[in-house]
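There are 2 protein chains.
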Amino acid sequence: MNLPAIRLVEVGPRDGLQNEKAVMPLVAKVAFVDALSAAGLKEIEAGAFVSPAAVPQMADSAEVFESIVRHEGVVYSALVPNEKGLDRALDADADKIAVFTAASETFNRRNINASVAESIERFKPVLERTLKMELPVRGYISTAFYCPFEGKVAPEKVLPVAQKLLDMGVEELSIGDTIGRAVPDDVRRLLELLLKSVPAEKIFLHFHDTYGMAAANALTAWREFSISGFDSSSGGLGGCPYAPGATGNVATEDLIFAFKASGARVPADLAKIQAAAKALEPKLGRGLASHLSKIDLTSVPPSSRP
Amino acid sequence: MNLPAIRLVEVGPRDGLQNEKAVMPLVAKVAFVDALSAAGLKEIEAGAFVSPAAVPQMADSAEVFESIVRHEGVVYSALVPNEKGLDRALDADADKIAVFTAASETFNRRNINASVAESIERFKPVLERTLKMELPVRGYISTAFYCPFEGKVAPEKVLPVAQKLLDMGVEELSIGDTIGRAVPDDVRRLLELLLKSVPAEKIFLHFHDTYGMAAANALTAWREFSISGFDSSSGGLGGCPYAPGATGNVATEDLIFAFKASGARVPADLAKIQAAAKALEPKLGRGLASHLSKIDLTSVPPSSRP
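Here the protein sequences come in this chain order: Z and W.
Counting with my numbering, you get residues 53 to 358 for the letters of the first sequence.
Counting with my numbering, you get residues 53 to 358 for the letters of the second sequence.
Simulated from the structure, these hints should not be mistaken for lab results.
A couple of the hints might just be wrong.
Straight line, CA to CA, 35 Å or less: simulated DSBU-like cross-link-like pairs of lysine-lysine [to be verified]: (1) Z:Lys176 x Z:Lys254; (2) W:Lys312 x Z:Lys312; (3) W:Lys330 x W:Lys176; (4) Z:Lys204 x W:Lys346; (5) W:Lys148 x Z:Lys312; (6) W:Lys73 x W:Lys176; (7) Z:Lys204 x W:Lys312; (8) W:Lys204 x W:Lys73.
Isolated chain Z (complex conformation) (with noise of 0.2 Å):
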């Protein structure tokens, strides 16, 4: 089989950070980031320009952004909620833009009080500047597989929110299993029906691990439909607000040993990464979720190491 290489977001430093409770230091964020950039990741999300009042993790986004080394070759952007978001985004010389939106009304609604319609209303001013200044864009869609609130989604009410997004001038997707209830045959269905209009290269994949079953959904989207994007969160980093104390976005060094284990090229230092979730853990106020988190890969026989 020629499967494509893998294209990882790494999405520990916003998604990630933005779901403990923990308030990282500006100083161990930027080493955070400098730290994945050197181990070979090529995209991450380094911050988020919200509300600080809301959202008090991402208050030092601008910081971040001045202070990290920006490594050749590597995209740093970051999530934008409106049009005073991405001015700050510019300010901060973000590299591409994230904007997001759900499949699920009531999640939406629960989340940032509009409906899915009024929340795409809410980025268009965004998309309009963004695409004049040719910086690229990708789009959120969170509860792609399960709400919270609703249950089930029906694949058939994601695939008009992708359509919609990409006529708008997003240029990728990322699809979120927000709660981690999706198996494999939920990706199938979901891909099957997407793939008809989307090209693969566009859909990115992001996962949660809350009931074990990311590398499973992960590998079967790359090993049955070619996706090669995906979304993770080094050491775990995210938790997931609507199961207490459970796993939340896969750990970007999970999916790294579940795909070079088998047999993919994934562009990125499995060591490395899980040294730098490591030197988080004693701020994070718990131990890193990550199954690689706990194995040390030196003492791990050679043909036994990914």
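Following the hints, position chain W against chain Z.
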């Protein structure tokens, strides 16, 4: 697809508790086994008749067998290393006997100070007696994918051990990924070889979730090879002696979730198993490692419940 219903062998009371630092009091063990029977599990490895000096966690296995409430249709099995263990298991009225070896010479040597061939010789008299009594026996083959000392174990090393055990009258095999290092491609390679000469219904796969791959491996074996037999440990009891702090045996509740959510018939009650494992948590000295132990399914919308 017409895939087989899942046959689970619960190994928490034996393989799980044997590998926990905390020695569980007898009453807690008995309550655990009884709760697992009530949860619908059809086979429970309830104890081991091994040296109490070497394995203090299993010293009271005779009392466990004496005190549990035997549910009709449930098989209560016991692990034995030799004829002396068999005598004790027969005294305890075990319904089934388990013997063990490994595919890796180094692992066998370090684990029980015997070569693979010697370890098989040791339980030969056990099998001769159980065959006469028509008592069913399962044979464990540890390190069937990776060895903590040797690294990768070739499928060609597993096949002769499997054949030898079956020739000697073992009824079923439990093929173990002792360090949880296998990925679906490893499962495919081993099953492609084994299934040339071993019927699928004689194979039970014994996965550990150390690297987070257990669900992916189990679904692959079921979906692609119609394997229906899986070992699991409620609560993920067990740990991994080769990666301290890491996840060990795949949790029964995690496997049940993965299979039920994938449309499999699994004759066991997920919520009751969650509760059975949860009851041990205060005495364990650590939180349960399973994914499902952290999720309150009653708070999940009905269409998201497995």
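- prompt: Given the hinted pair Lys312 of chain W and Lys312 of chain Z, is their alpha-carbon gap at most 35 Å?
  reply: holds (28 Å)
query: Are the Cα positions of Lys204 of chain Z and Lys346 of chain W separated by 35 Å at most?
result: holds (20 Å)
field: Lys73 of chain W paired with Lys176 of chain W [C-alpha distance capped at 35 Å]
entry: holds (31 Å)
- request: Starting from Lys330 of chain W, check that the Cα of Lys176 of chain W is at most 35 Å away, please.
  value: violated (39 Å)
message: So if I understand the rule, the pair passes when the alpha-carbon distance is 35 Å or less; does Lys148 of chain W with Lys312 of chain Z pass?
response: violated (40 Å)
task: For the pair we were handed, Lys204 of chain W and Lys73 of chain W, check the Cα-Cα distance against 35 Å.
output: holds (28 Å)
message: Run the distance test for Lys176 of chain Z versus Lys254 of chain Z: straight-line Cα separation, threshold 35 Å.
response: Distance ~19 Å between Lys176 of chain Z and Lys254 of chain Z Cα, so the pair holds.
message: What's the verdict on Lys204 of chain Z and Lys312 of chain W, does the C-alpha distance respect the 35 Å limit or exceed it?
response: holds (15 Å)
The structure fails to meet hints 3, 5 from the earlier list, while all remaining hints are met.
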